[in-house]
Structures are given as C-alpha cells and as structure tokens.
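The primary structure of each chain is shown beneath.
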Amino acid sequence: MSTVDATGGVAAKSSPAAEGHPVATPGQRERSFRIWRGTAEKGEFVEYTTEVSEGMVVLDAVHQIQAEQAGDLAVRWNCKAGKCGSCSAEINGKPRLMCMTRLSEVPDDQPATIAPMRAFPLVRDLVTDVSWNYEVNRRIPAFQPRKPDFEDGTWRMHQFEVDRPQEMRKCIECFLCQDVCHVLRSHGKYDGFIGPAFLVRAAAYELHPLDTADRATYLKDEGGIGYCNITKCCTEVCPEDITITDNAIIPLKERVVDRYYDPIGKLVQLIKRK
Amino acid sequence: MASSSPPLEVLPSTRLGATQRIDHWWLAPFAVAVGLALCGGYATWAIFQGQNYFAEPYLSPFYSPCLSAECPAEVRLLGITWWPFSPAILIMGAILGFRGTCYYYRKAYYRAYFMDPPACAVEEHRGSRYRGETAFPWILQNLHRYFLYLSIPILAFLWYDTLLAFRFDGGFGIGVGSVVLLTNVVLLSGYLFGCHSLRHLVGGRTDCYSCSRFPEARHGAWRISSIFNRHHMFWAWTSLVFVCLTDLYVRLVAMGVLSDPRLI
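Protein sequence lines correspond, in order, to chains A and B.
Residues 1 to 274 (the numbering used here) are what the first sequence spells out, left to right.
Residues 1001 to 1264 (the numbering used here) are what the second sequence spells out, left to right.
These are computed hints drawn from the structure, not numbers from a lab.
Treat the hints with care, as some may be off.
Said to hold, decoys possible - Footprint (simulated), chain B over chain A, 3 or more residues, beta carbon under 8 Å: (1) 91-104; (2) 203-212.
Stated by the list, open to error - Derived pair list, reagent style DMTMM-like, types lysine to aspartate or glutamate, alpha-carbon separation capped at 20 Å: (3) A/K266 to A/D241; (4) B/K1107 to A/E173; (5) A/K147 to B/D1207; (6) A/K80 to A/E173; (7) A/K220 to B/D1023.
Keep in mind that this is a model prediction, so the values were computed, not measured.
Where is the CB? At the ideal position from N, CA and C, for every residue including glycine.
Next comes chain A alone, as it looks inside the complex (with noise of 0.2 Å):
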C-alpha cells in the first residue's frame, strides 16, 4: 500500500525515513561551491560540499550550505522566484540571480564560484551596498503627463504606444546590467554615469505617449549617455529579457543626436514647425 503526498508524490508504507535512515532523493549528489566569505577589507573563497539534487538552484545550495555549515553566511534574497531582484551575485563569473540559476546550468566538473557584485560596495560575503542606484534614480527627471485629456482628467492611448514603455517596466532592480556595465565596473564612472538599470528608467518615461519632459540634455550631461559604448553585456545578463541597448539606450542615444548632433535634422524640424 502507497500514499500520495501533498506533492503528488508517492511515498512508501514503510519508508527508509520511517526507519530513522537518511532519504536519498532522486538525483541527489555532492557538489562543490567556493563562496565569497568576507568584508571589503578582508576576504576568502571558501570551499563548501553539500549534498544537492535534481530541480535545485544556487540560492537552494546557498541556503543549505547556511543552514547546516555557515550560520552567518550572509546572502540577500527575497522571493525566490526571480521577480523581486535582491539575489543578485556572480557564478562562476557571470552577472545572474542566484534564485533563477538552476545547478544543472553550472558546470559541475569544478566548484561553482559565487561572488558578490563587483561593482558595488561589499558589506559582507553575498551582499553588496546597492544604496547608490537609490540616489541615481532620485535625480532622473520624473515623469511628466501632458494635460488630461478629458474633464474628468483621463487620457486616452493605444495599447501599441505603450508596449515600449512597458517593456522597460519590466525592471526588477536586480543590479545586474549595473553589475556588468564596464562603465561601471572596470572605469569607475559612478559620478558620470547613471547606468543602464537607470537608462532603462529614463526610456520609460521618456517613450510614454503621456510625457513631456524633455531628458535630452540631462541623458548627455549627468546621465553620461556618451560613456555607453554599446558591448550589449546589459542585455546579455538581464533576466527579464528587456532588451536594454536596442529598446532603451539607443533609442535615447537617437534623442541626444537629435538634439546635439544633428544640425540638418534641426534646421529640417525647424521649417515644418514653421
């Protein structure tokens, strides 16, 4: 005789657990992670094995290796499940969510490598001081709606005017295209540059059919378009699939050139408004 669980899965009358023997899951084997443990000042890739099993993602082994080897191992995260953006670090190198990696994408022939985000302050071990991306956010110039256009203050828009837009919506503040950008990350540029994740922002309002802030002058001068030189590895890593450089940054690129760069569109511009 079997039970159904509350899994769907079908358990055993008489089970090895029952007996007070370890439960070995299908698929379930040791593997190896050199996580980052330490403070800016001071630090070490530590060497965890754990044991791990089929459908697991690096946060899973994380937490595990937390729960039973290294109780103050800290680690950010929240939702687990991709949306809310807070564990954000680098495997084996490459900018990702550790909730979204699944341990059947990691190489398994060599321990998988977990760092936190170079390019933001380390606090301790996984977790980065991301507060700067705050104070970026706060100075992009905010979304301004033209008057209604109805008395009772509605507006009317197709749903094609807003697709792009709210491609960038998508945005979960995960970091990672700031993580990535070499901007960023190799030159420094954190008084010049806002970033892709705020470029992203700016497009946002920037290509709603409601706003009429002009962001041309602000993108070039403090937004520092003209840092971006195009390497794509912001879409690359962005695990909301906004495609960053074709959809935001150039597209707002075309609106500085517009304004700085190109005289005979002006003067064109300038005789139709005439």
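Place chain B on chain A using the hints.
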C-alpha cells in the same frame, strides 16, 4: 551625482583578461576579430584594385554606382574625369562610414579590437581616463545617421544594378550571377532596414503616435524596421560576407575563371 566607495576587488588580479568566467569567453571576440579582418582586408584589396569589377551584365557592389569616366559605358554614371584612382574609392567613404559607425559593429570592434571590454565581466585596461563616446574620436559615432543618408541612394543603385543583372542581350534572363547579386542586395537591404538610426527616424522618435500625423504609417514603419533590427547582427554579418563573395564572383567571371552558367 553621488560618489561611491571603490568597487570590491574580489579578483586577485585586475590584469587584462582576468575573470572568474570558466566558459570560452574569448572565442566570440576572436572570431569577430578574424572575420572583420578577413572581410575588411578583402574589401580594401577589391576597392583599390580598380579592374575586373564588371562582367556584363554584372557590376561588383563595391563599384556601384560607378561614377568615374573609367567605368564601362553600360554602368557609367556622371563620368567624373578628374578622378584618377579606382572608382570604388569615390563611394567607399559612405559605405565604410555606415558600417564603421553602425551600433552593431561598434559592439563588435570595441570588444574584438579595443578590448573595451573583451567580453562581459572580463577585465580590461582600467582607469579613469575612459571617455567612451563623449570625446574625439568616438564622438563621431553620432554621425551614423548621415552615413545612413548617403547609403540609401547607394542601396537604390544596387537594386537597379540587380535588375540589370537579369537582362541578357536585351531580354530577360537569369544567370548564376543574377541570383548572387539578388541575394546580395536582399541581405544589404535587410541590414539597412534594421539600422537603429533608420528605426529612430521613421517612427522611433515619436512617443505619441495617435497625436502625430500619419500615426499608422509611422508606427508601421517603426514596426517593420524593428523586425529587421531584432536580427541586426545576422544581417550585418551575412551582408558583409556576401558582398565580398559577390565581388569575388563578378571578379572571377570578369577574369574568365568562371563561366557564369545561364539558368534561364
């Protein structure tokens, strides 16, 4: 803007190419570097050659439109007499400028040749002297749309040449070369139609389509350009390789090495 503490130095080294990546990250930039060098090298040689670029009714795409007085009468346009060099050089600037400032190729050569960065999350030459596209020479990338303007009539001439490639002895016919030229111009059109600047100019700059004139036409143009733009890398590479192969085919026919079989 707020300043920040220096980023974490987890890597033991920040030397060029240092990374924790364990995949073959160097393969893509290496392949791009080789591919661009081969195509660029061949194109430069073909452009400066100045001969064997016409085998009736085929004109090499590097020489279209053929503006010099040296051009064969069948394809001669303007007949510029003061130009002593290869006629291809007259139009080379527009083509080179269009490809060179293209948003896709920028990514390709910044990574492959300037290693800025060589690949995502791979170390490059560090330093605060980085100026990206804010200063000379890379600020000139902003002229991309002007090269687009110059490339549009060139593409129109290539289509005209392709139509001529289906005319044999005053009547309709199809040779292998006709198919080669047609494939070439289709790939070049796919590349140009997906150009980011074109996408912006035909409709991308518009936020509120319903507030503008010709909303459906504008959005439709933007949408069609976006379809090509989604695969801009594909069109960029296939059109680059094929334009070289097309020139090679015409050249070999002109030299008598190939006979150009007639299909119809």
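To see whether the hints hold, each was checked on the structure:
Given as covered by chain B, the region 91-104 of chain A passes the check, having 4 residues with a CB less than 8 Å from a CB of that chain where 3 are the minimum. Only residues whose beta carbon comes within less than 8 Å of a beta carbon in chain B count, and the region 203-212 of chain A has 6; three or more means the coverage holds. Note on A/K266 and A/D241: the hinted pairing is violated, with a Cα-Cα distance of about 34 Å set against a maximum of 20 Å. Proposed proximity of B/K1107 and A/E173 is contradicted: the alpha carbons are some 24 Å apart, above 20 Å.
Restraint check for A/K147 and B/D1207: satisfied, since their Cα atoms lie roughly 15 Å apart, inside the 20 Å limit. The straight-line distance between the Cα atoms of A/K80 and A/E173 is roughly 15 Å, inside the 20 Å bound, and the hint therefore holds. A distance of roughly 36 Å separates the Cα atoms of A/K220 and B/D1023; the hinted pair therefore is violated under the 20 Å criterion.
Checked against the numbered hints listed earlier, the structure breaks hints 3, 4, 7; every other hint is satisfied.
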